[in-house]
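Student: Spelled out from the first residue to the last, the chains are:
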Amino acid sequence: EAEVAQSPRYKITEKSQAVAFWCDPISGHATLYWYRQILGQGPELLVQFQDESVVDDSQLPKDRFSAERLKGVDSTLKIQPAELGDSAMYLCASINKPGDTLEKLFFGSGTQLSVL
Amino acid sequence: SQKIEQNSEALNIQEGKTATLTCNYTNYSPAYLQWYRQDPGRGPVFLLLIRENEKEKRKERLKVTFDTTLKQSLFHITASQPADSATYLCALQAGGFKTIFGAGTRLFVKA
Chain A
542 EAEVAQSPRY KITEKSQAVA FWCDPISGHA TLYWYRQILG QGPELLVQFQ
592 DESVVDDSQL PKDRFSAERL KGVDSTLKIQ PAELGDSAMY LCASINKPGD
642 TLEKLFFGSG TQLSVL
Chain B
682 SQKIEQNSEA LNIQEGKTAT LTCNYTNYSP AYLQWYRQDP GRGPVFLLLI
732 RENEKEKRKE RLKVTFDTTL KQSLFHITAS QPADSATYLC ALQAGGFKTI
782 FGAGTRLFVK A
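If you read the protein sequences in the order shown, they are chains A and B. If you read the first sequence in this note's numbering, its first letter stands for residue 542, the second for the next number, and so on. If you read the second sequence in this note's numbering, its first letter stands for residue 682, the second for the next number, and so on.
The following block holds chain A by itself, in its conformation from the complex (with noise of 0.2 Å):
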């Protein structure tokens, strides 16, 4: 079955640092989300973007944080600068379309990102 990728698998930085994570959902779903999960709590949406458009970033510490989908593709989400709270799971999803029948988000294995 395809998967979305994500890499790095693990990343540290030290705080202050600039971080990117790349993500290339499944070949042909539209529509793309990063999530960020912070041990022993659920997933927390970042942004969604539907082809190359940002679809909802509300959520999005934006003085730091940036995400692009240039060509509706593969996306990559960054923090500038990093800070020690920003120490989390970081989870690609994808989904075919948005009012699919089967509206099930497919994920990637994550990044775990650590900040020192």
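Each hint can be trusted.
A few chain A residues facing chain B, derived, Cβ under 8 Å:
#1 583
#2 597
#3 646
#4 650
To be clear, the hints were calculated from the coordinates, so they are not data collected in a lab. Since we're looking at a predicted model, the values are computed, not measured. Where a beta carbon is used, it is the ideal one built from N, C-alpha and C, also for glycine.
Fit chain B to the known structure of chain A by using the hints.
Tutor: Frame of chain A; chain B shown alone:
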């Protein structure tokens, strides 16, 4: 405020027993509700979806119920196995094709 609540304490059960996990929500009227399984260090994996006009949905040893009056979903695993040990996440559609998640319940099945 809008909330999704799941049992915060871990659930420990004996192999062969039925595990029942609860998901309660407030201030939403979701068209459907989903359950996902998450293993440590991995992304969630979809298990079941139940729509607002469905009372119950089954898949192999899994059963989900959805009570829109109580604003509650119950997730059952029958004949549980140690391999079922994981965190189970409840999720619902919050409008605008946005899926939001509860904090999850950790299940431990002892052999």
